[in-house]
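Turn these sequences into a full structure, and let the hints guide you.
Protein chains: 2
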Amino acid sequence: MTVTIGDVARHAGVARSTVSYVLSGNRPISEETRRRIEEAIRDLNFTPNAGARALKTAQTKVLGVFLQFHEDEFAPAMLQYLLAITSTARTYGYDILMVTDPSGEPALRRVTSSTMVDGVVLLDVTHSDARLNALREAKQPGVLIGLPGSPEGLDVFDLDFAESARVVIDHLWGLGHREIAVISPPLHVFERGGAYGWRFRDAAMERALGYGMRVSSHYGESQQPAVNRSLNAVLDARPDATALVVHNDASIAALPSVLRDRAVSVPEDMSVVSLYARDFARQFTLPYTAIDSAPDVLGQRAVTQLLRRIQNPQQAGSPAVHLIPPGLTVRGSTR
Amino acid sequence: MTVTIGDVARHAGVARSTVSYVLSGNRPISEETRRRIEEAIRDLNFTPNAGARALKTAQTKVLGVFLQFHEDEFAPAMLQYLLAITSTARTYGYDILMVTDPSGEPALRRVTSSTMVDGVVLLDVTHSDARLNALREAKQPGVLIGLPGSPEGLDVFDLDFAESARVVIDHLWGLGHREIAVISPPLHVFERGGAYGWRFRDAAMERALGYGMRVSSHYGESQQPAVNRSLNAVLDARPDATALVVHNDASIAALPSVLRDRAVSVPEDMSVVSLYARDFARQFTLPYTAIDSAPDVLGQRAVTQLLRRIQNPQQAGSPAVHLIPPGLTVRGSTR
DNA sequence: CTGAAAGCGCTTACAG
DNA sequence: CTGAAAGCGCTTACAG
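Chains as they are written, first to last, in this note's numbering: chain A, 1 to 335; chain B, 1 to 335.
Just so you know, these hints were derived from the structure itself, not from any lab.
Warning: the hint list may mix true and false statements.
[To be verified] Over the 12 Å line for every Cβ pair with chain B, so calculated as not near, a few chain A residues:
#1 Arg10
#2 Arg16
#3 Glu32
#4 Glu39
#5 Asp43
#6 Gly149
#7 Asp170
#8 Asp202
#9 His218
#10 Thr242
#11 Glu268
#12 Leu323
#13 Ile324
[Stated by the list, open to error] Where chain B lies over chain A, by a calculated footprint (3+ residues, C-beta under 8 Å):
#14 92-103
#15 113-124
#16 186-200
Beta carbons are placed, not taken as given, at the ideal position from N, Cα and C, and that holds for glycine.
Written out as structure tokens, the structure reads:
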């Protein structure tokens, strides 16, 4: 039923190898022969079997993307990463096997050891991520999006959250703010080992205290009505704060209505700075001054590096941590 | 470097076929032989090569999921579908190849004709979706999530949007509402052929007019600040409306703050009914009375049917359109 | 209960 | 410029 390279060869009156060389372009072929073969391919509507090719060449042209859905989490950002990863991969002729097993490590072992993919992208990497050992033992290269505690020997791409925090604090300090509140991701993100939470928070606190600012930090929430409740609790607890630093998508999305309820105007009564994906902001919140979390840049750079490591290992350099520098977009929510 | 079934056989002192039968369980094996082979597998850390197995068995154990990211669209719902699809597939031992090419049809042909997958799930299906022809010509079965104009010969799963609209209108009519406004998905969704938009709207209008209600419909927007602006325009245009039917995620997410700005209380001054995914509601909006769009149910049922068609074609029945009945969850935003 | 052989659909040295 | 052959790593009739 399925058309194979043998059918094409017979139809064109040539050897299977000749058809293969027409396909790959790895050998000069006479004009006449090429024409006949191309015609046969069209007539029979032939497409090479990817599995057979993979078996022979030991290349699947597939990248594995490993991610986890967390019950209690706000996930739209995940989609931004996926889009950047898939479209970059496709540019280079690679498809994406998306693996979402709750058990990250066994799934990673299963997929890599059965040679289903040529390389691996780990998303949502935590401080002591169990998948890292499996990745180090895999025969395929891998890249991480998200900085773990021990990144040795691995390519890592992440936003520079510490520097992001410093940029934000410097911005507020420069505008004259002396008392601020920082809203971090929810507690369960910290407990799970989501290092971006404390990397941002700790750097923000340190910088602010270094300036002599009064500063407090608070966990945000990920679900309503707790999101609103926690924001109100922060505002109640810090009546003299003049600026809010919000590092939590659910909170920043809820902030406009919470502030309105309290008759607090931005930036007149309160300055607000946040950190989120540009697209998230476009679709959702009011335009706050914010650091762009740049999932598109991270996804694109991670895949590019992974492909370099797959295709030109010697040119890929030593595995390294790549922290991309934060960009603050001023949108008028601070003064 | 890579361990093959031949290495295991040599190590255990048996034939490759015997190792294979231990793996598959397709033949009785003596206790002693099985023990030796299992030990060799463990010692050598052997995992069968998925590609070789696929080539021989003509089964990849991979499903293709085809989706498109639309520049201007609010996409979190997509993630709900993906989660349901991947986890259902994994339950049955299948992995997911996620394809996001903007050119849906060629991508579908490429993946199916090269035999990369055993079956296909199409997401975000439009009224006259170019991918349907490619799917009908594919050797693999496929299912759609989203009802197209011509679903003949294909398994389709979708929410019953027309019935959803009738349930919503009946609910409002029963509470005594006589003047309402319906907010649909953005115009570009209609232009692209997103049939769920007009299926819901047209049924709502028909039912409401049938009751003699005053009713108008409006396109929502997908990006701020247009979302807020359009909501305000609707409220300005319909000062006597007592209920809002909102079929648009971006609009319902923005509604709380818009209504607060206008000092409109729900449900005292205005009743609100919507249609969205339960998880979306949990994380985002205030709890509105709504039809659950049930991406989890749709994804799970679609994959289950697809696998039936792959594994037991004779038991899968004729391809059919499955519209799941809407469930209205009353949350106190209407009266 | 187990083995030797054929073959899935390709690619690529090896020959001419 | 082209062909015949080997082989990628499996599975499964065919034998015994």
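Looking back at the hints listed earlier, which ones does the structure fail to meet? 16
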